[in-house]
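Listed below are the residues making up each chain.
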Amino acid sequence: MKREFRAHPLMLVRLLKPFLFVLVLPVLEGAVQYLTRRSFSHFFILELLAVSLILLLSFLRWRSFRFSVDERELTVCQGAFFREKTVIPLGRLSAVTLCRNPFDTLFSAVTVAVSTEAGMPGRADYEFKLSRRDGEELLRRLYGDELRAAVRFSTGRLAASAALTSSAVTGLVIGVPLLDRLGKVFGRAYSRMLFNEINSVSGKFNTYFPPIFNAVILVLLIAYAVSFVYSFIRALNFRLFAGKERLEVHSGLFVRRRAVFQRDAVRDISVEQTLPMYLAHRYMLCVTVAGFDTSRDGRAVVIPCCAADELNGDPADGLPFFSQSGRELRPARGRASLLRFLRVPLAAACGLAVLTLIAMLTVPYFERFILLVSAILLLFDCYAALYFRYGYRFGRLRFGETLYVRAARGFGFCELYIPRENVGIIRLTRGHADRRRGTCNVRVTVRSERGNRLRVWHLDYRAVRENIFSYFELD
Amino acid sequence: MEQEIRVPARTARLWQVRAGLITAVPVAVLLRLSAFTLWLLLPAGILLAAGAVLIFFFLPRHFASYAVSADSRAVIVRRGFFIRAEYILPLPRMIYATSFSSPAARRLGLCGLTLRAARGMLILPELAREDAERILAVVSGGGEP
Chain H
3 MKREFRAHPL MLVRLLKPFL FVLVLPVLEG AVQYLTRRSF SHFFILELLA VSLILLLSFL
63 RWRSFRFSVD ERELTVCQGA FFREKTVIPL GRLSAVTLCR NPFDTLFSAV TVAVSTEAGM
123 PGRADYEFKL SRRDGEELLR RLYGDELRAA VRFSTGRLAA SAALTSSAVT GLVIGVPLLD
183 RLGKVFGRAY SRMLFNEINS VSGKFNTYFP PIFNAVILVL LIAYAVSFVY SFIRALNFRL
243 FAGKERLEVH SGLFVRRRAV FQRDAVRDIS VEQTLPMYLA HRYMLCVTVA GFDTSRDGRA
303 VVIPCCAADE LNGDPADGLP FFSQSGRELR PARGRASLLR FLRVPLAAAC GLAVLTLIAM
363 LTVPYFERFI LLVSAILLLF DCYAALYFRY GYRFGRLRFG ETLYVRAARG FGFCELYIPR
423 ENVGIIRLTR GHADRRRGTC NVRVTVRSER GNRLRVWHLD YRAVRENIFS YFELD
Chain L
32 MEQEIRVPAR TARLWQVRAG LITAVPVAVL LRLSAFTLWL LLPAGILLAA GAVLIFFFLP
92 RHFASYAVSA DSRAVIVRRG FFIRAEYILP LPRMIYATSF SSPAARRLGL CGLTLRAARG
152 MLILPELARE DAERILAVVS GGGEP
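Protein chains in written order, with my numbering: chain H, 3 to 477; chain L, 32 to 176.
Derived from the structure by calculation, the hints contain no laboratory data. Bear in mind the structure is a predicted one, so any value in this text is a computation, not a measurement. Check each hint, because a few of them may be wrong.
List of simulated lysine to aspartate or glutamate pairs, DMTMM-like, C-alpha gap at most 20 angstroms [unchecked claim]:
#1 Lys186/H <-> Glu31/H
#2 Lys87/H <-> Glu161/L
#3 Lys19/H <-> Glu31/H
#4 Lys246/H <-> Glu138/H
#5 Lys87/H <-> Glu129/H
#6 Lys4/H <-> Glu138/H
#7 Lys87/H <-> Glu164/L
#8 Lys87/H <-> Glu35/L
#9 Lys19/H <-> Glu6/H
With the sequences and hints as input, model every part of the structure.
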């Protein structure tokens, strides 16, 4: 039976949002000026006319919005003058997300985002506002009622997860634009004020390294704290509900999110570790959902932080293709193989030592600065050694019902579970040393918008080829 | 494959009117400003000539070259006057379809379609409303996994 939904009146605000700072606020400012000083600028009448027109068009657009759902498809109709009608078969839906900020809570509204594989990366196909009751009913009609409460994580566990996944880089990416925007709104140079304060505080610490070292450390610590608070607030109230055919993720404190997606929309499953998680023996379970929501990469976190033995229980239990089977391929064991993996970081460490010595002998005046730069580069080198050592110890490829890949990636470590039909390009590369030793480096890419990929180093070339050919039934 | 659907002549007329308006406005502005310098008559003339070629030569032939065929397996669109192109969209790859119409198109009984696939789309220009609805019915039914 077809059910039609009308947009919530709060959608008017959403439609006016692009014009808020350009027209609406100047008109309000002009109105206040008229009330207080009994005068207005020459452009005020024009601005008033433009705002009235925009208000009228937004109102007509809101009135014309129709959203209906039946057993087979959902239909979106919008547009007062330029009318548009979209029909989406239910089987093509990737995910539906309900999002509620404090403003929505006040007016009992909810933002609905409908995503399919056809949407632009990082954007839902359609976003609109419904009343809270209509939003709940929509989810019931699309996905039914059957759910079992799977996992609810304690605040401590979520805090640990936020601490292990936060980074100073993320904090800078979030914090700096926010500070700039606040500064523009309030007309104060908050960035400069913070910078002066950091300089002042860092100058109070006497260390061996130059004063800039203290300032940089302080900036990184503050950025990390910002990232932690942001991640923690986003992850608060995290709960995962599992149904026979769907998964539902709830999260958020001020902005409450509820994302629903079909199990068969999952493209791949990844078990990820950041460096701190690796040291703490903790894991994060994620799934990639085709065209999911407004996330850049279609990634949904299923378990934010857990120990290894918790990965096999709820809620991972029942995830499609989350299993390992088949023949395993690993790098050869032995000292020679390990040295092969570590040759780059070892060579870099030797080179760094020599260069540092030469620099300190040549320009002794900059001794502290040289030591600081060398220490930072050595840290990166140590991480590179850990990265390659992980590839030696844990790198593997397994061809079973699911293609399983495990390797280091970027600043973390990852295991990928990919069903056969979602495997994209497999690339085998062999340098001169690889050809002499009969090995190769294998890069596997998932066939999805995110294009998840992992590279396993120094596997036996013939074995890899044989397995790939038999796995995909090639001649 | 079902019978080919052609773009009706009134679509070309509609676009001729649109192109005429888009050309007329800057030409009128340039003609008005030519009171200050006669050199502006040159770009006005060029724009007028280009507009005339577009409206009376290119647009009618461009829309006449369109041929759309759709069945439960694929949608095939052929178009092009100078450079001929053929677009094939297998229906299992299609995610959803959108129909759109402006007030003028609605008045003339026309409706355009956008067929969306993963990371791509196929835009069909304003077709007769019955033809557009027929294609929509075919693709919606064939779009099921």
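Original post:
Between lysine 186/H and glutamate 31/H, does the CA-CA distance stay at or below 20 angstroms?
Top reply: holds, 17 angstroms
Original post:
Are lysine 246/H and glutamate 138/H close enough, with their CA atoms no more than 20 angstroms apart?
Top reply: holds, 19 angstroms
Original post:
Does lysine 4/H pair with glutamate 138/H here, judged by a C-alpha cut-off of 20 angstroms?
Top reply: holds, 16 angstroms
Subject >> Holds or violated: lysine 87/H to glutamate 129/H, with C-alpha atoms at most 20 angstroms apart >> reply: holds, 15 angstroms
**OP:** Measure nothing beyond the straight line between the CA atoms of lysine 19/H and glutamate 6/H; if it is 20 angstroms or shorter, mark the hint as holding.
**Re:** violated, 26 angstroms
Original post:
Is lysine 19/H close enough to glutamate 31/H, meaning Cα to Cα at most 20 angstroms?
Top reply: Within the cut-off at roughly 17 angstroms; holds.
Original post:
Do the alpha carbons of lysine 87/H and glutamate 161/L lie within 20 angstroms of each other, as the hint requires?
Top reply: holds, 15 angstroms
Original post:
Under the criterion that the straight-line Cα-Cα distance not exceed 20 angstroms, is the pair lysine 87/H, glutamate 35/L satisfied?
Top reply: Violated. Lysine 87/H to glutamate 35/L sits at ~24 angstroms, over the 20 angstroms cutoff.
Original post:
Holds or violated: are the alpha carbons of lysine 87/H and glutamate 164/L at most 20 angstroms from each other?
Top reply: Since the Cα atoms of lysine 87/H and glutamate 164/L sit roughly 11 angstroms apart, the hinted pair holds (cutoff 20 angstroms).
Hints 8 and 9, counting from the list given before, are not met by this structure.
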